[in-house]
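Under the numbering used here, the sequence shown is numbered contiguously, ending at residue 123.
Please keep in mind that the hints were generated in silico from the structure rather than gathered at the bench. The beta-carbon is built from N, C-alpha and C at its ideal position, and this holds for glycine as well. Just so you know, not all the hints are guaranteed correct.
Unchecked claim - Only pairs whose alpha carbons sit at most 25 Å apart, straight line, appear in this in silico DSS-like list of lysine-lysine:
1. Lys78 with Lys110
2. Lys66 with Lys86
3. Lys110 with Lys86
4. Lys78 with Lys89
5. Lys89 with Lys110
6. Lys98 with Lys66
7. Lys98 with Lys70
8. Lys86 with Lys70
To be verified - Using C-beta positions, here's what the derived DEER-type ranges look like:
9. Asp114 with Ser31: 29 to 35 Å
10. Val35 with Asp67: 16 to 22 Å
11. Lys66 with Ile123: 18 to 24 Å
12. Asn81 with Pro48: 27 to 33 Å
13. Asp42 with Lys110: 17 to 23 Å
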Amino acid sequence: MQSDPSWDLVILESERDELTNLPDEDRERLTAAIWDAAMMKDITKHPAVEPLKDSNLYRAKAGKYRAVMGLVKPTLAVVLVGHRKNVYDDLNTAASRI
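Please construct the entire structure, taking both the sequences and the accompanying hints into account.
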């Protein structure tokens with residue numbers, strides 16, 4: 026039995042498309058990490074989630090892929106999804122999407 030999420034999970038449409046385009050296994054793992062984090066009162070307690078330095082953003086990792094998320098109570102917003110090599114290149118854009 027699944028409990029109600031602690032956060033209202035919002036995935037921007039553009040990032041939903043990015044998730045859809047990931048390889049199946051990676052998409053499933055990253056989606057699970059995002060959902061599991063949304064179920065927690067303190068998302069940083071999730072083993073795949075860490076705060077990003079000098080930012081109010083967090084990242085969830087699964088294999089080679091990352092989801093960048095912002096918290097504005099009561100919402101956890103997925104604002105960027107991509108490969109670990111270049112997902113962090115657009116953090117200024119991601120921060121403005123919150």
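How the hints compare with the structure:
Only pairs whose Cα atoms come within 25 Å are accepted, and Lys78 paired with Lys110 is accepted, the gap being roughly 17 Å. With a C-alpha separation of about 19 Å, the suggested pairing of Lys66 with Lys86 holds against the 25 Å cut-off. Under the criterion of a C-alpha separation no larger than 25 Å, the hint pairing Lys110 with Lys86 is consistent with the structure, at around 12 Å. Annotation: proposed proximity of Lys78 to Lys89 holds, straight-line Cα distance about 20 Å (limit 25 Å).
A C-alpha spacing of about 8 Å is found between Lys89 and Lys110, which places the hinted pair at or below 25 Å, so the restraint holds. For the suggested pair Lys98 and Lys66, the alpha carbons sit about 11 Å apart, so the restraint of at most 25 Å is met. Among the hinted pairs, Lys98 with Lys70 is consistent with the structure: their alpha-carbon atoms are about 17 Å apart, no more than 25 Å. Between Lys86 and Lys70, the direct Cα distance comes to roughly 14 Å. Compliance with the 25 Å bound is thereby established for this hinted pair.
Hint check: Asp114 to Ser31, Cβ distance near 30 Å, so the stated range 29 to 35 Å holds. In this structure the supplied range 16 to 22 Å holds for Val35 paired with Asp67, their Cβ-Cβ distance being about 19 Å. Between Lys66 and Ile123 the beta carbons are some 19 Å apart, a value that agrees with the proposed interval 18 to 24 Å. For the pair Asn81 and Pro48, the supplied restraint of 27 to 33 Å holds, since their beta-carbon distance comes to about 30 Å.
About 19 Å separates the C-beta atoms of Asp42 and Lys110, a value consistent with the hinted range of 17 to 23 Å.
When the structure is compared with the earlier hints, no violation turns up for any of them.
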